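Q: Please work from the sequences and hints to get the whole structure.
Protein chains in written order, with my numbering: chain L, 805 to 1044; chain V, 59 to 210.
Hint data in this document are derived by calculation from the structure and do not stem from the laboratory. It is possible that part of the hints are untrue.
[What the hints assert, rightly or not] Computed footprint of chain L on chain V; a stretch qualifies when at least three of its residues, placed anywhere within it, have a C-beta under 8 Å from a C-beta of chain L: (1) 136–148; (2) 153–161; (3) 181–194.
[Unchecked claim] Derived PhoX-like pairs: lysine-lysine, alpha-carbon spacing no greater than 25 Å straight-line: (4) L:K944 with V:K194; (5) V:K162 with V:K194; (6) L:K973 with V:K162; (7) L:K973 with L:K962; (8) L:K875 with L:K944; (9) V:K162 with V:K145; (10) V:K162 with L:K944.
Remember, it's a predicted structure, so these values are computed and weren't measured experimentally. Yeah, the Cβ is synthetic: ideal placement off N, Cα and C, and Gly gets one too.
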Amino acid sequence: MRTRVLGTFTIAALALLAVMALVVTPADVNQQDAVRFLYVHVPLATLMYVAFGITALGSVLYLLPRTRARKWDLLAGTSAEIGVVVTGLVLVTGSVWGRTTWGVWWTWDARLTTTAVLFVVFLGYLALRRVSGDADIRAKRNSIAALAACIDLPIVHKSVEWWRTLHQKSSLLDEETFMHPHIHGTMYWTVMLGIGAFLLLFSWLLIHRYRLARLEDRLEDEGLERALAERRAEALAASS
Amino acid sequence: MAVTEHAPTGRTQHRRRYVVVGVVVAAALGFLLVRGLGNATLYFRTADEAVAQRQQLDGRRFRIEGTVVAGSVQQVANQVAFKIENKGVVVPVDHQGDPPELFKPGIPVVLEGHFVGETFASDRIMVKHSEDYIAKHPSRVTTVPPTTLPAP
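A: Structure follows, in structure tokens:
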């Protein structure tokens, strides 16, 4: 019921974002209308950091003996699933935007390369999650792999400062210019709205997928117990 | 009974193995990233650097970066000639093909190609846009900062 309220807010925020991004905001002095990619690409990229950040957090909480519980590993996996989809969308929107402004679909600069690595590494993590084994061993294995994969996350963020790239530097998370944003007027507030709207969408997806993951986990446990009970009954029937 | 006695050592062995695997994976990833990005640190040479290294770069394919000099653009058929500049060093460019839509004087570009004598023979132009986004018809903005080049 509560997620229905969240869903309603999400749809309203996305609708408002569409109006702001496509109608209200002006064209850019250099990029003209191509600047409107900003309102999707930047929120998606923010989501990518948030999603994999939650994966890292869940994995740490699982690995710490004091907070060890299988739900943290499930949360990490759930968030990574959404994160991989979002990263795919970041790469696609970035590629189309790059074609219209830079003139190329793709180039192997540091930002693009590290983001592609992030996508592939987390695909590998999702594949690893499906490898069978004892539930607790699996969860531990997942958590360690997730943390190794997350090493790339700060590298992606800092790539535009550490190396020369075709990709422009950060417009939002730049300490020096935090008070004097690179994005002007309504364009800035529309990016902020975009981040908010996409965060709502992410929360909605995360809650639903997490519930499903818990149910799957329970099904697996109960299925195992039922199978054990059946074997036991068979053994009893055979011995009597 | 023997099983319960052996269980703790088995566990610590397991744990140690995971730590070792984790460290190896992390080290391999780090190695790949550093090695792979070693080249990305030289994603482009600025015009002045390229001119300074022209001897070594002769005939080699690389990327060069500079600002398109105002009034230097001459387009003929599907070929365009212009000059790029960085730190006062000017490099003449011959480009084969159509420039991208946003190509114009005064903007930073990254080109792919090689030196032919003093001239840079380019076959790919990439427009490097800055992180500034400014309304086309600024009603509230009084001063428009120039599109800045990143510090080399």
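Q: Each hint: holds or not?
A: Hints and how they fare:
{"no.": "1", "hint": "136–148", "result": "violated (count 0)"}
{"no.": "2", "hint": "153–161", "result": "holds (count 5)"}
{"no.": "3", "hint": "181–194", "result": "holds (count 13)"}
{"no.": "4", "hint": "L:K944 with V:K194", "result": "violated, 53 Å"}
{"no.": "5", "hint": "V:K162 with V:K194", "result": "holds, 16 Å"}
{"no.": "6", "hint": "L:K973 with V:K162", "result": "holds, 21 Å"}
{"no.": "7", "hint": "L:K973 with L:K962", "result": "holds, 9 Å"}
{"no.": "8", "hint": "L:K875 with L:K944", "result": "holds, 12 Å"}
{"no.": "9", "hint": "V:K162 with V:K145", "result": "holds, 19 Å"}
{"no.": "10", "hint": "V:K162 with L:K944", "result": "violated, 55 Å"}
Checked against the numbered hints listed earlier, the structure breaks hints 1, 4, 10; every other hint is satisfied.
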